[in-house]
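Residue numbers (our numbering), protein chains in the order written: chain A, 17 to 448; chain B, 17 to 448.
Warning: the hint list may mix true and false statements.
The list cannot tell twin chains apart, which means a pair is met if one copy fits it or any two copies do.
Said to hold, decoys possible - Below, computed lysine-lysine pairings styled on DSBU-like, alpha-carbon distance capped at 35 Å: (1) Lys447 <-> Lys55; (2) Lys252 <-> Lys172; (3) Lys362 <-> Lys114; (4) Lys111 <-> Lys219; (5) Lys22 <-> Lys252; (6) Lys212 <-> Lys114; (7) Lys447 <-> Lys22; (8) Lys111 <-> Lys241; (9) Lys251 <-> Lys369; (10) Lys436 <-> Lys55; (11) Lys172 <-> Lys212; (12) Lys189 <-> Lys369; (13) Lys252 <-> Lys212; (14) Lys369 <-> Lys111; (15) Lys436 <-> Lys251.
Hint data in this document are derived by calculation from the structure and do not stem from the laboratory.
Okay, here's what each chain looks like letter by letter:
There are 2 protein chains.
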Amino acid sequence: MSILIKDASIVLTQNSERNQLRNVDIYIEDNFISEVSEKPVSVEAEHVINARGMIVLPGLINLHTHVPMTLLRGYGDDMVLEDWLNSRIWPVEAKLDKDSISAGTRLGLLEMIRSGTTCFLDMYFFEDIIAEVAREVGMRAFLGFSLLDFGTPEYKYEELFPACENFLRRWVKSDLIKPVVAPHAAYTCSAETLQKSLDLAEKFDVLLHTHCSETRNEVYSVMEKTGLRPVGVFKKHGLLCERTILAHCGWITKNEVSEISRSGSKVAHCPVSNMKLATGGFAPVPEMLMENVPVGLGTDGAASNNTLDMFETMKFTALLHKHHRWDPCVLPAQQVLDLATISGAKCLGIDDKVGSIEEGKLADIILVNLRRPWFTPVHDPVSLLVYSARCSDVYATIVNGGLLMLDNRFYTLDYSRVIKEAQIQAYNLTKS
Amino acid sequence: MSILIKDASIVLTQNSERNQLRNVDIYIEDNFISEVSEKPVSVEAEHVINARGMIVLPGLINLHTHVPMTLLRGYGDDMVLEDWLNSRIWPVEAKLDKDSISAGTRLGLLEMIRSGTTCFLDMYFFEDIIAEVAREVGMRAFLGFSLLDFGTPEYKYEELFPACENFLRRWVKSDLIKPVVAPHAAYTCSAETLQKSLDLAEKFDVLLHTHCSETRNEVYSVMEKTGLRPVGVFKKHGLLCERTILAHCGWITKNEVSEISRSGSKVAHCPVSNMKLATGGFAPVPEMLMENVPVGLGTDGAASNNTLDMFETMKFTALLHKHHRWDPCVLPAQQVLDLATISGAKCLGIDDKVGSIEEGKLADIILVNLRRPWFTPVHDPVSLLVYSARCSDVYATIVNGGLLMLDNRFYTLDYSRVIKEAQIQAYNLTKS
Numbered sequence: 017m018s019i020l021i022k023d024a025s026i027v028l029t030q031n032s033e034r035n036q037l038r039n040v041d042i043y044i045e046d047n048f049i050s051e052v053s054e055k056p057v058s059v060e061a062e063h064v065i066n067a068r069g070m071i072v073l074p075g076l077i078n079l080h081t082h083v084p085m086t087l088l089r090g091y092g093d094d095m096v097l098e099d100w101l102n103s104r105i106w107p108v109e110a111k112l113d114k115d116s117i118s119a120g121t122r123l124g125l126l127e128m129i130r131s132g133t134t135c136f137l138d139m140y141f142f143e144d145i146i147a148e149v150a151r152e153v154g155m156r157a158f159l160g161f162s163l164l165d166f167g168t169p170e171y172k173y174e175e176l177f178p179a180c181e182n183f184l185r186r187w188v189k190s191d192l193i194k195p196v197v198a199p200h201a202a203y204t205c206s207a208e209t210l211q212k213s214l215d216l217a218e219k220f221d222v223l224l225h226t227h228c229s230e231t232r233n234e235v236y237s238v239m240e241k242t243g244l245r246p247v248g249v250f251k252k253h254g255l256l257c258e259r260t261i262l263a264h265c266g267w268i269t270k271n272e273v274s275e276i277s278r279s280g281s282k283v284a285h286c287p288v289s290n291m292k293l294a295t296g297g298f299a300p301v302p303e304m305l306m307e308n309v310p311v312g313l314g315t316d317g318a319a320s321n322n323t324l325d326m327f328e329t330m331k332f333t334a335l336l337h338k339h340h341r342w343d344p345c346v347l348p349a350q351q352v353l354d355l356a357t358i359s360g361a362k363c364l365g366i367d368d369k370v371g372s373i374e375e376g377k378l379a380d381i382i383l384v385n386l387r388r389p390w391f392t393p394v395h396d397p398v399s400l401l402v403y404s405a406r407c408s409d410v411y412a413t414i415v416n417g418g419l420l421m422l423d424n425r426f427y428t429l430d431y432s433r434v435i436k437e438a439q440i441q442a443y444n445l446t447k448s
Numbered sequence: 017m018s019i020l021i022k023d024a025s026i027v028l029t030q031n032s033e034r035n036q037l038r039n040v041d042i043y044i045e046d047n048f049i050s051e052v053s054e055k056p057v058s059v060e061a062e063h064v065i066n067a068r069g070m071i072v073l074p075g076l077i078n079l080h081t082h083v084p085m086t087l088l089r090g091y092g093d094d095m096v097l098e099d100w101l102n103s104r105i106w107p108v109e110a111k112l113d114k115d116s117i118s119a120g121t122r123l124g125l126l127e128m129i130r131s132g133t134t135c136f137l138d139m140y141f142f143e144d145i146i147a148e149v150a151r152e153v154g155m156r157a158f159l160g161f162s163l164l165d166f167g168t169p170e171y172k173y174e175e176l177f178p179a180c181e182n183f184l185r186r187w188v189k190s191d192l193i194k195p196v197v198a199p200h201a202a203y204t205c206s207a208e209t210l211q212k213s214l215d216l217a218e219k220f221d222v223l224l225h226t227h228c229s230e231t232r233n234e235v236y237s238v239m240e241k242t243g244l245r246p247v248g249v250f251k252k253h254g255l256l257c258e259r260t261i262l263a264h265c266g267w268i269t270k271n272e273v274s275e276i277s278r279s280g281s282k283v284a285h286c287p288v289s290n291m292k293l294a295t296g297g298f299a300p301v302p303e304m305l306m307e308n309v310p311v312g313l314g315t316d317g318a319a320s321n322n323t324l325d326m327f328e329t330m331k332f333t334a335l336l337h338k339h340h341r342w343d344p345c346v347l348p349a350q351q352v353l354d355l356a357t358i359s360g361a362k363c364l365g366i367d368d369k370v371g372s373i374e375e376g377k378l379a380d381i382i383l384v385n386l387r388r389p390w391f392t393p394v395h396d397p398v399s400l401l402v403y404s405a406r407c408s409d410v411y412a413t414i415v416n417g418g419l420l421m422l423d424n425r426f427y428t429l430d431y432s433r434v435i436k437e438a439q440i441q442a443y444n445l446t447k448s
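Generate coordinates for the entire structure from the input sequences, incorporating the hints supplied.
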């Protein structure tokens, strides 16, 4: 496939100089960005996109989600976490099957593609189904196979590790899909589960993803059981290492930030979900950045967000930290855009391949249409993206050189069918 | 004018029972809601809107903004408040004239209409120009004539009160436009200015709008000057009364909440602006509601938000208070939708006329298009509106029975011209 983006009004390259280019042509050949030029590029291309009046930027990277949970958007808001899990989420999750997972994944992918996300890190059940769907749709996906002491809706505990190994073997050489080992959390995984997880991740040389210190309860219950806080548990069992991405880190200490920094672990910050679930804590991102911890942004599942909107997550990130520190200067717009693009790529170990618009990189690119009242005037395009853009302003989404959406037309998903099947599956899951 | 809304999938009436109706026709004749019926309404109408797949709800009420500041969206983000005011906002405001005010107002109205706001409470300079534009465009507007000890970009101090009186006289009998007396704040208004403001508001029997305890600095500087906190100053001079709407109330005490409650004053909560400016404080809305203080939501100006998006403000409201109190149950979706509709109307003293969809009320109504990935599934329509809707999902905006926007087409504004003139004026104001 080839795509020619013509006459883009503004290109936020997100390269190391954070160059902003004006009136640029971008030529995409096969999977790669072949040319970025301030002179007109004259080539034939399968798709020619007129990008006048558009901002072009790297696709957004969602560093923590549970994509099939999109089916549970709005199913039990405004509830105490324990009630919500006990009376809503867990009973429904027990009913999950391949059809509901498939429908939920398609719905989530539809929303991500519509809203400018080109890569995501998932952690859920039936991850093999999610991988099939994501590959078919053409999304870049890091897919965490969940490991818990109690088993999952898909496997009993004794079946889990062999199944995970099969999953890893099946997908480890895939192009768009990268398998990830995902021990759920320190409070749901024994020392044995954690160690076997690490063994598998090392054996296949893949990433490891886990929840870490999302709530105070979690921290205290882990301390009661092990005498250590979650970060300490992960450290003890060797999981605090370069291949690990920790979701949330809402209740961690200053020393733990330093531990994470020394270990090379990464952090997925999920402010909207943390605020909606009222966990009280959220990752101390400015302190983490000061200690050179790689940080990316995640929406968490739509069940606790209630969207997969990374634009919204950027604005919440900026505002939550400014508010918390009484400092409007902290996390300025450019830094927040970095978190959602190149820094997310760094967390996934693919910043040499995606996360910026540079010749030779893979073409994960989105276009944002400036023809909206909230994009006038253009004092600063980065500010507009972080503080004013709505996810629905995304005009085109390109992943790995493939055009997935243009002007609300989807190339690899049947919009009406996805919506209909999601509605049916959501109804079946939640009817009593 | 007559409008027939056909077959609305869901109507959130926001009436006293908060009824949700399905498959409803709504007939609007002249300025009023003439019929709301679950049986098909067969009448001729100037506009017939097919509302299948739509949620219909009362228009959103923005209870605090500075509409011409839309020109300064993104002009100086991530700065300390004092620097921002000194080096960016005030130098530009000194250059304001009728043309820039007119262009900024049109831009702000365009954004409000696009995003489902049907009524707003403003406070700025050149309010007479704002009134002319708002009337021409057909928006419901409560317009605060700013009064400050130092004068304004439009008037010297000695000219202010006669000009304000002229403004009040000119607009007090207007239909859509309601003039408001707006002493800026306790730290910018002397006792004399406050008392003369109150006299004028009483003479013309209009609302009074002021900033109250937005920042800690403000509270301390007022205490140093007067020995009282801002709420105390307003009380002393009689401004703490039923006709007063206090913006922000970010740094108030529990006793002050009770004072406000006893006085009958209202509060405009502006979470996005408070968080972006990192004032640290924000209105204690749950405590205010417990004491029966009428509360509405405001965006504040786009210079500190950076949008006029009331959907975003609803989500920030819900999440900020949940987060702050570590309580996900506080400010549930229905209560937040109330703040943005019927409760905003109550603050303005017009809840008998707008703020809900009921026969005989004025037709301030919006339609939201559910054909978006983030509106599936429909477990709870109120949750979808507060936690998932993007302002761009608004399909139609009706004010006072007049169709202002349908499917991104504007009936009383020339989109391209508004954008172009705003760009020119913004450039002229900010070039050095």
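*Should Lys252 paired with Lys212 be assigned to within, between, both, or neither, using CA atoms and 35 Å as the limit?*
Only inside one copy: Lys252 and Lys212 sit 14 Å apart there, 70 Å across copies, limit 35 Å.
*At 35 Å max between alpha carbons, let me know whether Lys369 reaches Lys111 within a copy, between copies, both or neither.*
neither (39 Å within a copy, 48 Å between copies)
*Is it within a copy, between copies, both, or neither that the alpha carbon of Lys436 lies no farther than 35 Å from that of Lys251?*
Answer is neither: 45 Å inside a copy and 57 Å across each miss the 35 Å cutoff.
*Go through the copies and call it for Lys436 and Lys55: within, between, both or neither, with a Cα cutoff of 35 Å.*
Classified as between; 26 Å across copies, 45 Å inside a copy.
_Alpha-carbon proximity context of Lys252 and Lys172, limit 35 Å_ = For Lys252 and Lys172, only the intra-copy Cα distance (26 Å) is at most 35 Å; the inter-copy one is 70 Å.
_Status of Lys114 relative to Lys362 across identical chains (alpha carbons, at most 35 Å)_ = Cα proximity of Lys362 and Lys114: one copy only (32 Å, versus 50 Å across).
*Could you figure out if Lys111 and Lys219 sit no more than 35 Å apart (CA to CA) within one copy, between two copies, both or neither?*
within (32 Å within a copy, 67 Å between copies)
_With identical chains, the pair Lys447 and Lys55 could be close in the same copy or across copies; at 35 Å between alpha carbons, which is it: within, between, both, or neither?_
Between. Shortest inter-copy distance 28 Å satisfies the 35 Å Cα cut-off; intra-copy 58 Å does not.
*When no copy is named, should Lys111 and Lys241 be tagged within, between, both, or neither for a Cα gap of at most 35 Å?*
So Lys111 and Lys241 pass the 35 Å test inside one copy only (30 Å; across, 65 Å).
*Between the shortest in-copy and the shortest cross-copy C-alpha distance, which are at most 35 Å for Lys251 and Lys369: within, between, both, or neither?*
Close inside one copy (29 Å), not across copies (63 Å); limit 35 Å.
*Which holds for Lys212 with Lys114 at a C-alpha limit of 35 Å: within a copy, between copies, both or neither?*
within (26 Å within a copy, 71 Å between copies)
*asked:* Please sort Lys189 with Lys369 into within, between, both or neither, judging by C-alpha distance up to 35 Å.
replied: Within one copy, since 16 Å is at most 35 Å while 65 Å is not.
Violation of the numbered hints given earlier is confined to hints 5, 14 and 15; the remaining hints are satisfied by the structure.
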